[in-house]
Amino acid sequence: MPGRSQKKQPYQRPDFTPPRSAPRRRSDGLLCHRRIHHRAIVQAKQYDQSAFEAYPAAFASRRNYDVIAGTDFRGLRRSGVLEQSWRIGGSSGAEIAAFEAFTREPKLAHVRSSTVEIFGESSPPPVHATVYYRGTDPVAGLVTKYATILP
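Per my numbering, numbering through the sequence shown is continuous, rising by one, with the last residue being 254.
Where hints are given, some of them may not hold.
[Said to hold, decoys possible] Distance windows between CB atoms, simulated:
hint, residue 1, residue 2, range
1, Phe176, His213, 35 to 41 angstroms
2, Val234, Phe176, 40 to 46 angstroms
3, Arg181, Ser217, 25 to 31 angstroms
4, Arg190, Pro229, 23 to 29 angstroms
5, Arg181, Val234, 35 to 41 angstroms
6, Ser226, Gln152, 17 to 23 angstroms
7, Gly223, Gly192, 19 to 25 angstroms
8, Ala157, Arg190, 17 to 23 angstroms
9, Ser226, Thr174, 30 to 36 angstroms
[Claimed, not checked] Calculated pairs, EDC-like style, for lysine to aspartate or glutamate (alpha carbon to alpha carbon, straight line, at most 20 angstroms):
hint, residue 1, residue 2
10, Lys248, Glu198
11, Lys248, Glu224
12, Lys248, Asp175
13, Lys248, Glu220
14, Lys248, Asp169
15, Lys148, Asp175
Rather than coming from a laboratory, the hints here were simulated on the basis of the structure. Cβ atoms here follow ideal geometry from the backbone N, Cα and C, with glycine treated the same way.
Kindly produce the complete structure, drawing on both the sequences and the hints.
Printed below as a string of structure tokens:
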């Protein structure tokens, strides 16, 4: 009817299925709690494979990928690899904390570790944290960086 506004529904691809929250095992052996996590891992693996096919002489002893996921203006899920990091970087503190935990307790099957970076005023880091930096950066201001082993 003229004069009535109709609420537009976001476009949905016919093959779109919302992510499931239950853990699922895939054929590649990855255990992911959400499809979006699995997709991020698959995309990072594809990026890695493509990079090393393009540059077969390249070597990286450690590999880290920044992956972004979100929704576009139509409501469609989008994700992709932003960049790679094959050097010491932001997650290195967590990796070192994990190596130290495995060294202290060789029977550990897995470790959850975290690197935290806080800009501005904050509470002191946890007592069990390894603090890498807590000071004033001339550009960013007060910065705190630390790593922890998670329960």
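Consistency of the hints with the structure:
1. Phe176 - His213: 35 to 41 angstroms: Once the Cβ atoms are compared, 40 angstroms apart, the range 35 to 41 angstroms for His213 and Phe176 holds.
2. Val234 - Phe176: 40 to 46 angstroms: holds, 42 angstroms
3. Arg181 - Ser217: 25 to 31 angstroms: 27 angstroms Cβ-Cβ, so the 25 to 31 angstroms window holds.
4. Arg190 - Pro229: 23 to 29 angstroms: This hint holds: roughly 27 angstroms between Cβ atoms.
5. Arg181 - Val234: 35 to 41 angstroms: holds, 37 angstroms
6. Ser226 - Gln152: 17 to 23 angstroms: This hint is violated: roughly 42 angstroms between Cβ atoms.
7. Gly223 - Gly192: 19 to 25 angstroms: With a Cβ separation near 22 angstroms, Gly223 and Gly192 satisfy 19 to 25 angstroms, so the hint holds.
8. Ala157 - Arg190: 17 to 23 angstroms: holds, 19 angstroms
9. Ser226 - Thr174: 30 to 36 angstroms: Once the Cβ atoms are compared, 33 angstroms apart, the range 30 to 36 angstroms for Thr174 and Ser226 holds.
10. Lys248 - Glu198: holds, 14 angstroms
11. Lys248 - Glu224: Answer holds: Lys248 to Glu224 is near 12 angstroms, not above 20 angstroms.
12. Lys248 - Asp175: violated, 33 angstroms
13. Lys248 - Glu220: holds, 5 angstroms
14. Lys248 - Asp169: holds, 19 angstroms
15. Lys148 - Asp175: Not satisfied, since the Cα-Cα distance of roughly 23 angstroms exceeds 20 angstroms.
The structure shown violates the earlier hints numbered 6, 12 and 15.
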